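Work from the hints to combine the two standalone chains into their complex.
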Amino acid sequence: MRSSLTRAVVLGVGLGVALVASIVVAVTIGPADIQFGEVWATIGSHLGLGDSPLSVLRDGIVWELRLPRVLTAAAVGAGLAISGAVMQAITRNPLADPYLLGLSSGASLGAVAVLLLGAAVLLPFAAFMGSLLALALTLILASSLGVITPTRTVLAGLAVSSLASAITSLVIFWTVTGDSYREILGWLLGSLAGARWQAVAITFAAILIAGIPIMLTGRLLDAFAFGDVSAASLGVNVSATRWGLLVASALLTGAMVSVSGAIGFVGLILPHAVRLVVGAGHRVLLPLAALSGAIFLVWADTAARTVFDPRELPVGIVTALIGAPVFAFLLARKRQLT
Amino acid sequence: MTGLDASRVTISVGGSVLVDEVDCSVPHGSLTALVGPNGAGKSTLLRSLAAIVRPDSGSVLFEDENLLGLSRRERARTAAIVEQDASTEVALTVRAVVELGRLPHQSLWRDDDADAGAIVTAALDAVGMADFETRNFSTLSGGERQRIMLARALAQQPRLLVLDEPTNHLDIGAQLDVLGLLQRLAGQGVTVLAALHDLGLAATYADHVIVLRAGRVVAAGPTASTLTPALIRDVYSVDANILTNPATGRPIIAFSALG
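Protein chains in written order, with my numbering: chain A, 1 to 338; chain B, 339 to 597.
With the rest of the complex left out, here is chain B (with noise of 0.2 Å):
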């Protein structure tokens, strides 16, 4: 089965082209980075593969399906999207912001989600939030909040999970703690597309990677094949030595400035 299949996605805002003709793909069940310098365009790219904001052209496909073309509450029911920096001025209690999660798979008027309390629970624990589900969000610091939004993506019970950003805000053993979430979900078959910053990350747990610089794609494809010191030094003008872990076995991307 195919993951994510996008083709010709292009995105203007204002009359600037953000995302140009972008063609690409996520493997089914697989976890796969969006990385690029700042300003390539991918949270833009992410929430149209999430098909919450409709590009002004191309497609997006998900299980050979056209995610454009579900209804709402049906594409809210298959891809989920975690962003940035989520903030509200309402006083609602942490287990609240979870339980929004649920809101694709629920009538507007029944009880008619009887799971919906397991599910919210479940959530909460494998974001390792399970105490704070009576605390005020606001109350939270940037990296819990982030990680109670995992919860509610999560929540939604989603095929394709879009994430954006995910670890910013989170210390170094929260930020293994998400992207050993994420392999795993993965490995249960949820397809993952996360934009990371952190290219090391990345290297250490995508297992593909696609790059993106200035709203084009410029290289996609298996991240040890794909994360070269050619390509990081094209894309972000600084050498890089890759390296092996030696306890691991994985790779460690050494950085250096041009010179």
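The shape of chain A in the complex, shown without the other chains (with noise of 0.2 Å):
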């Protein structure tokens, strides 16, 4: 038993060593040909060590574009991967996934409707309303045709998150007179395009105060394995959990999409994967898909910026190329759970 807490405990501090050196190496990374000491070279200098060896525009590049950038992307896919694992947890359903059912696109919706009555402050919180929103609309659509099964959830998912991605586009073409097409990608598909360090902030503000205090939890989602009965048994308080946790996942997606838009996948792929490595035990799960998921959405959205340099990718599509034949693999490995 120590032997596989001490396997967990090295493979979390090598992902955590690999986040930081992705996160180190993606923002030399870019368009705009800077090599990797000047771009060192200028966040020091804003944390007040040395000079910028870089004009204004590249300072800025680096400083106000790229390094948030990265760190949204970080905290992002933490976080829905931290969201994904806990609704699986709960949901007792291997498909769950904030995208898949629907809490991504109803906190697009909400996000898209502060913004466009300006009222951008509120962005966070009407997020978190649009996606708990989505969940509710689902859990109650999927209940309303019989016994709850994994499938029904997301045929109930996809059916809320048509419906909201629809008004949302339909919001902002009514509202927009620019590029709406592009806004209304940004919006359905994800992109950090728009991270900068407002986003942060409030990303890393979502991480501490509903991420940890998940992560914290990983002993009571065990009890959940064998149901709600068996969880009772063991003394866990299952209403009360069960409420909490998906409030608190409602409220991690709201904010990661308030700053990202609907990026798909990332809560499926990453827990799935770490399950396949270290078991199932949501201890050391919840923690290492966090991880994780920082990395892959850093890489993800490194090659949504690069790739077709000069134009840009929306990085929900990297994350879908990835996402949709993992779910489908899923479906196909899991048949009973039609």
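One or more of the hints may lead you astray.
To be verified - Now the stretches of chain B that chain A is said to cover, found in silico as 3 or more residues with beta-carbon under 8 Å:
id: 1; segment: 379 to 390
id: 2; segment: 415 to 427
id: 3; segment: 432 to 445
As the list claims (entries may be wrong) - Here's a subset of chain A near chain B, in silico, CB distances under 7 Å, partners left out:
id: 4; residue: R92
id: 5; residue: A159
id: 6; residue: S233
Hints listed in this document are in silico derivations from the structure and should not be mistaken for laboratory results.
The structure presented is a predicted model; accordingly, all values stated were derived computationally and were not measured.
Every residue gets a Cβ at the ideal spot worked out from N, C-alpha and C, and that includes glycine.
This is the structure:
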């Protein structure tokens, strides 16, 4: 038993180092040709260590664009992975994911609605309310179909997310006069192109307020493995735990979506990948899924902004290219879920 | 010391009364069998007697303490339940499943359960599954799962152990092993209540028996004086002859259709 714990700690430290390395390297990659050393000298200068070697414009590219974007990608990836792992455990549904269950689209709608009403301060709160509402609708719809099965939940999520996406598009199309298609794509497919320091603040705050407390409930999530009665027999307050964790996941998802739009499949791919390596114990799974989600999205976003240079892909296209086949594989492997 | 003492326990689900003003008691440190035809309400009653599901009305006392008034964690340290047909989608090892039994003894954040490893190992040993600890739970047979869930309950170190058909899915050797284990636990002072389908096993192993029909207790008391041919005929509509096993001196029940 000790040895598996040791292995988890080694993996955690390894992933932590890999995350820092990913951030350090990803910041130096981009269309503007800036040397590795110059990038870090610039970042150092903003932290009070010496002077920036770059012109004001290029300094701005590093400090105002790239660094906050890479840090936001890491936080969003971690948040979505935690959210997905929690939803899979609480709903006993291996297909659960904030995107597939409609939370992300609901959050996008909430965010777009307040942005267009000119109430940007409420952005994270509106996104949270949007994701919570979408989750409630999905669960109500799924339970109205009879016994809640994973596939029914995903179908209900599809209905909710299609509706939320359509309304989002409609609202943007109605009100935005400029490049509304780009704007719509950004919210529906997810994009980190607009991430600045404010986005870093929102997403890191969400990780602190919701993500870390969720990660500390791993033992409770394990107790749900055999269903509600079994969890109750182990002394777990089932309904308080379930709703507390679902609301915390909605909060986490809402905060992430409010800066990134609806990036799909991160919450599905990473928890499943980590389970294959370390098993299903949540005390280990949650932190490792968070770290690998962060690494994954840092690189997915780096690919999104560089592969078709000078044009940019919404990062959600990259995650869907990887995530949709994983989803199909899970469906095929778990036919009994239908 | 009194063991489990329930009075006027009533549970209805969706308008139908499944358990109807049940009074029953399980002597401290005994192995008591709960028997009755299918649909008598045994599983529903067991969940309430382990205080996992709150009855609509009635009281459940254990060792003179109100079991329904304890905190959830306190209750889970006092009473454990082994349910029928445990299954999970989650890929947990056998050892991880048994470790769940330590949950009520652990705080959420700290490692404050120093003996957990030894207790889990002892629980796996007790059910004869020590060699399975690294296996994936969902790859086990029904009987093996049943024994692992019993080990999980043992890891809770309960003073009251409630089991729903613990011998289901087990071959005859494993059935006798499990009942022998329950007898030993009772001998160590654990109060054990098990729903059993097999009246022969109940007659052989149980000190006391509670007979449930259509949500009501129709008889209860020491096994030999309670489980009579007349009662069996009344409750199950079959004829029964109670013989004595010449090898052990314990009762054997021979059944035949009414006629």
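We went through each hint and held it up to the structure:
1. 379 to 390: Answer holds; 3 residues pass the 8 Å Cβ test.
2. 415 to 427: It holds: at least three residues are needed, and the segment 415 to 427 of chain B offers 8 whose Cβ sits within less than 8 Å of chain A.
3. 432 to 445: holds (count 8)
4. R92: 6 Å, holds
5. A159: Status violated, d = 24 Å.
6. S233: At 5 Å from the nearest chain B Cβ, A/S233 passes the 7 Å test, so the hint holds.
The structure is inconsistent with hint 5 alone, although it conforms to all the rest.
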